[in-house]
Amino acid sequence: MKQAKVLVVDDMPDNRMVLNMVLVTNGYNVVEAEDGEQALEMVRRHEPDVIFMDLAMPKMDGLTTTKVLKSNPNTRLIPVVILTAATSREDRIECLEAGADDYLHKPFHRLELLTRLKALTALKRHTDEMDHASAVLQCMAQIVEQRDHYTAGHCASVAETAVAIGSALGVPNEDLETLRLGGLLHDLGKIGVPDVILHKPTKLDDAEMAVIRTHPLLGDELLKPLHSMQRVRPLIRSHHERLDGTGYPDGLKGLQIPLLVRILSVADVYTALASQRRYKPAFDDQRCLSILREEADRGWWDNGVVEALAATLIWPKEELLAAVG
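End of the sequence shown sits at 395 in the working numbering; the numbers just go up one at a time, nothing left out.
There could be a bad hint or two in this list.
What the hints assert, rightly or not - Listed below are the simulated DSBU-like cross-link pairs for lysine-lysine, each with C-alpha atoms no more than 30 Å apart in a straight line:
#: 1; residue 1: 137; residue 2: 75
#: 2; residue 1: 294; residue 2: 323
#: 3; residue 1: 270; residue 2: 188
#: 4; residue 1: 350; residue 2: 294
To be verified - Here are the in silico distance ranges between beta carbons for each label pair:
#: 5; residue 1: 134; residue 2: 373; range: 20 to 28 Å
#: 6; residue 1: 329; residue 2: 82; range: 43 to 51 Å
#: 7; residue 1: 166; residue 2: 83; range: 23 to 31 Å
#: 8; residue 1: 179; residue 2: 284; range: 25 to 33 Å
#: 9; residue 1: 320; residue 2: 270; range: 24 to 32 Å
Just so you know, the hints here were simulated from the structure itself, not pulled from any lab data. Glycine is no exception: its CB is placed at the ideal position from the N, C-alpha and C atoms.
Using the sequences and the accompanying hints, generate a full structural model.
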């Protein structure tokens with residue numbers, strides 16, 4: 071197992087030296103920074119597994135630096151331990167609210183520091199493994215797409231459209247990320263559908279449709295072991311449900327279908343309508359919206375979601391015309 075890398079951030083050289091000695095003698099690889107600005111650069115260059123962060127520093131203090139790290143998708147999963155001489159409950163709460171994963175009082179006890187560090191490095195390793203598993207799943211989804219050149223790029227387009235609709239509806243950032251992942255992975259289960267069915271140029275018979283309809287369930291099963299994917303699973307399982315209960319695999323109706331699923335469903339159908347297939351040409355936005363509105367009136371899709379999609383398609387054009395005019 072490779073050495074865990076620890077970034078020590080403190081404006082006091084003596085403090086950095088003490089921590090460095092403790093960590094190096096216990097098998098850790100150590101890099102140092104003397105303030106928050108330098109810490110951000112060291113994180114970019116060295117990708118540490120854990121960060122020990124002093125609270126009071128010039129230029130950029132520990133709280134501000136922690137907030138920056140935790141707001142960046144590329145660094146938010148790196149555990150941050152705040153080191154401070156402050157002892158009040160309010161100080162501890164402030165550190166945790168900034169996003170710190172742990173808090174150590176100075177002067178620290180060597181064994182306590184090493185015990186917490188061991189736990190945090192194990193957590194980071196587990197998180198990295200989950201990220202790797204997520205990346206593997208996304209690669210699998212891309213393999214499914216590449217089996218048919220007509221659907222190449224479909225999942226990325228669905229993800230982009232779903233996020234645009236979610237933004238128009240004021241969905242929180244965390245849910246936008248769920249929509250993005252749901253879009254990328256929604257057809258993952260098709261990896262279990264034979265090519266002869268996926269590539270059939272004519273209408274599928276009942277037996278073939280039954281096989282196609284297993285793909286949301288298989289996709290859900292593939293994500294089931296991954297803790298980091300639990301928020302995404304309902305989107306994978308239910309993106310073919312319809313508000314009137316005629317969808318699959320569970321025949322959900324109305325508010326049984328969560329908003330994020332309703333968004334993904336509309337994004338999926340729009341992307342398919344706007345793309346060329348063996349059996350149809352690509353439709354323009356006007357025709358896509360006309361079809362979606364008819365199907366929403368039929369009880370399949372959420373009218374509000376369809377109109378949010380319409381806003382994302384029309385609004386950029388209006389902005390362009392305003393800029394030109």
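How the hints compare with the structure:
1. 137 x 75: 21 Å, holds
2. 294 x 323: 23 Å, holds
3. 270 x 188: Violated, at roughly 54 Å.
4. 350 x 294: Not satisfied, since the Cα-Cα distance of roughly 35 Å exceeds 30 Å.
5. 134 x 373: 20 to 28 Å: 44 Å, violated
6. 329 x 82: 43 to 51 Å: 50 Å, holds
7. 166 x 83: 23 to 31 Å: 28 Å, holds
8. 179 x 284: 25 to 33 Å: 56 Å, violated
9. 320 x 270: 24 to 32 Å: 25 Å, holds
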